[in-house]
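Here are the chains, one letter per residue:
Protein chains: 2
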Amino acid sequence: MIYSSKLIEDAVREFSRLPGIGKKTALRMVLQLLRMDETDVDEFTNAISRMRHEIKFCKTCHNVSDSDVCMICVNPGRNRAQVCVVETLRDVIAIESTQQYSGLYHVLGGIISPLDGIGPEQLNISTLHDRVKETGVTELIMALSPTIEGDTTVYYIARQVKDLPVTITTIARGIAFGGELEFADEMTLARSIAKRLPIENYVTLK
Amino acid sequence: MIYSSKLIEDAVREFSRLPGIGKKTALRMVLQLLRMDETDVDEFTNAISRMRHEIKFCKTCHNVSDSDVCMICVNPGRNRAQVCVVETLRDVIAIESTQQYSGLYHVLGGIISPLDGIGPEQLNISTLHDRVKETGVTELIMALSPTIEGDTTVYYIARQVKDLPVTITTIARGIAFGGELEFADEMTLARSIAKRLPIENYVTLK
Chain A
1 MIYSSKLIED
11 AVREFSRLPG
21 IGKKTALRMV
31 LQLLRMDETD
41 VDEFTNAISR
51 MRHEIKFCKT
61 CHNVSDSDVC
71 MICVNPGRNR
81 AQVCVVETLR
91 DVIAIESTQQ
101 YSGLYHVLGG
111 IISPLDGIGP
121 EQLNISTLHD
131 RVKETGVTEL
141 IMALSPTIEG
151 DTTVYYIARQ
161 VKDLPVTITT
171 IARGIAFGGE
181 LEFADEMTLA
191 RSIAKRLPIE
201 NYVTLK
Chain B
1 MIYSSKLIED
11 AVREFSRLPG
21 IGKKTALRMV
31 LQLLRMDETD
41 VDEFTNAISR
51 MRHEIKFCKT
61 CHNVSDSDVC
71 MICVNPGRNR
81 AQVCVVETLR
91 DVIAIESTQQ
101 YSGLYHVLGG
111 IISPLDGIGP
121 EQLNISTLHD
131 RVKETGVTEL
141 IMALSPTIEG
151 DTTVYYIARQ
161 VKDLPVTITT
171 IARGIAFGGE
181 LEFADEMTLA
191 RSIAKRLPIE
201 NYVTLK
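Top line first, the protein sequences correspond to chains A and B. Taking the working numbering, the leading residue of the first sequence gets 1, the next gets one more, and so forth. Taking the working numbering, the leading residue of the second sequence gets 1, the next gets one more, and so forth.
Simulated from the structure, these hints should not be mistaken for lab results. Certain hints may be false.
A few chain A residues facing chain B, derived, Cβ under 7 Å [to be verified]: (1) V41; (2) C70; (3) C73.
For each residue, glycine too, the CB sits at the ideal point set by N, CA and C.
Kindly produce the complete structure, drawing on both the sequences and the hints.
Shown next, in the form of structure tokens:
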């Protein structure tokens, strides 16, 4: 595309570096910013700049945080005996948004994937071991991808903490609420039959 | 969604103000920016900030510009007798990207639309009249939307310049190259038959 303005061209190029943003979408965003008040655009750029420069990672759970320890870890209302182990902070946001979980988290920063060159030492696994050992964690809830890499990571962590008094559980897999049986993949459907529950365990989400 | 970080929350909110960006897409972009180097993020915010604060509008054609007169208007290689009248600068970018047009432009900033409260006085029409009168423009090529508002604008401009020695043309409407007849709308198809061309006029795009 030919822009007739270097300023527009630069802004479009910067936007197209973001995931899923092509040149046309980038141009639409740039033209929208051009129509906005200068103060609103300043708010936009400041929010992004501040976010990148001031963000910290929680010393305890490795979640993003505005200070050294994150809002979840300092909250006295959370159950300190439960730790949900997740890959990334997107998973924390997804689980927090359900408002159904009151324990803590541990963000691994990925999963063990030898093909991508990611071994246990690149992940926050040793700090998880120390955390279980030093604080009174009684349950590790594994909320990792249902893939070979995810399963490998679960087994690796299980081996690491096997001498500690902690129970390891995984989140339930099955047919989603509102999901149609015919569109479910075979593995999910097969496991949801194999792991069927007595009717008294059947609860619907509020 | 619940973010556990005010910095992330602010950045997501700012991104969701852009057109077509929901909370999930905004979060994906924010997390991408979080993974990028601080200097790259600075380049991103600087490009946007500079674009908004330093952009000018060309005094002659009202296109966006880095200086008082735009790159197209100052280019001595352009045909000064032809002016293509468009609604917005997106149209300029689209036509420039074809690399087939060598005349100048005039950006109206919209089209006459009484329902939206846009009359001729809100648009750059009086400057177009002056431009035709004072410079040697011999042809106005109307490249406006094929809607009632677009047609109204074409007729209004034609009336404004009717005493001046200028020809008014409109861009050709018809079936797109590579377009399937069966998917064309009825009006386009009907007009493309009514305005059929002798075979010697048939040229394919390089």
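Item to check | Index of numbered hints that the structure contradicts, given in increasing order | outcome: 3
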